[in-house]
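A.B. asks: Chain B: place on chain A using the hints.
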Amino acid sequence: DAKTTQPPSMDCAEGRAANLPCNHSTISGNEYVYWYRQIHSQGPQYIIHGLKNNETNEMASLIITEDRKSSTLILPHATLRDTAVYYCIVRVETGANNLFFGTGTRLTVIP
Amino acid sequence: NAGVTQTPKFRILKIGQSMTLQCTQDMNHNYMYWYRQDPGMGLKLIYYSVGAGITDKGEVPNGYNVSRSTTEDFPLRLELAAPSQTSVYFCASSYGTSGWSVDTQYFGPGTRLTVL
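These protein sequences, in sequence, are chains A and B. Here the first sequence stands for residues 1 to 111, where the numbers follow my numbering. Here the second sequence stands for residues 1 to 116, where the numbers follow my numbering.
Any given hint might turn out to be false.
[Unchecked claim] 25 Å max Cα-Cα, derived DSS-like pairs, lysine-lysine:
(1) Lys-44/B <-> Lys-3/A
(2) Lys-44/B <-> Lys-9/B
(3) Lys-3/A <-> Lys-9/B
Simulated from the structure, these hints should not be mistaken for lab results.
Just chain A, same shape as in the assembly (with noise of 0.2 Å):
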């Protein structure tokens, strides 16, 4: 159920912004776009989402294409706390009410 693209590995400056892209050229007009994230094996956590307008919260920003086929998730000020790999999800709008989870991109944060 490959909904959507992320590359598999970037690196980022410590300090520097994060730009982490996400291909879902078969997003849905009522889907959402989620952003989670797994820190070394930990369960993953909850970062952002967006229907078509561009979002801010305390963690990051996420910018939405006009056409709504791809995304970018914005680390303004990367930390090596920031390593982690980094899931972009398109919900499915079925009755399981679930996240069908890639493999993400692995961002390394680098001092």
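C.D. replies: Same frame as chain A, now just chain B:
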């Protein structure tokens, strides 16, 4: 507010043994979930529950059973452990909304299970 707690943290089982993975949440969430994560892979849904007394299969339910007698607890049962069940198991919970789409899941720390 402890969130989602799971016990045990680690367990080694022999083939054919049984065990129950415990999951408890104190956020009064309606929905609860069990996922497994194999090395280098994403999470796959095993079972989920939308409320006490209601459970349903996810993507990979074979070899597992669940029950939901209370809002807080959602145990996962392995009846006849097999090496293919070696994995990290995560429990999660969420409020659940009628619109489905705006529902954030909160995850526990995981149980690392090895079947030898």
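A.B. asks: Of the hints given before, which are not true for this structure?
C.D. replies: Of the numbered hints given earlier, the structure breaks just one, which is hint 3.
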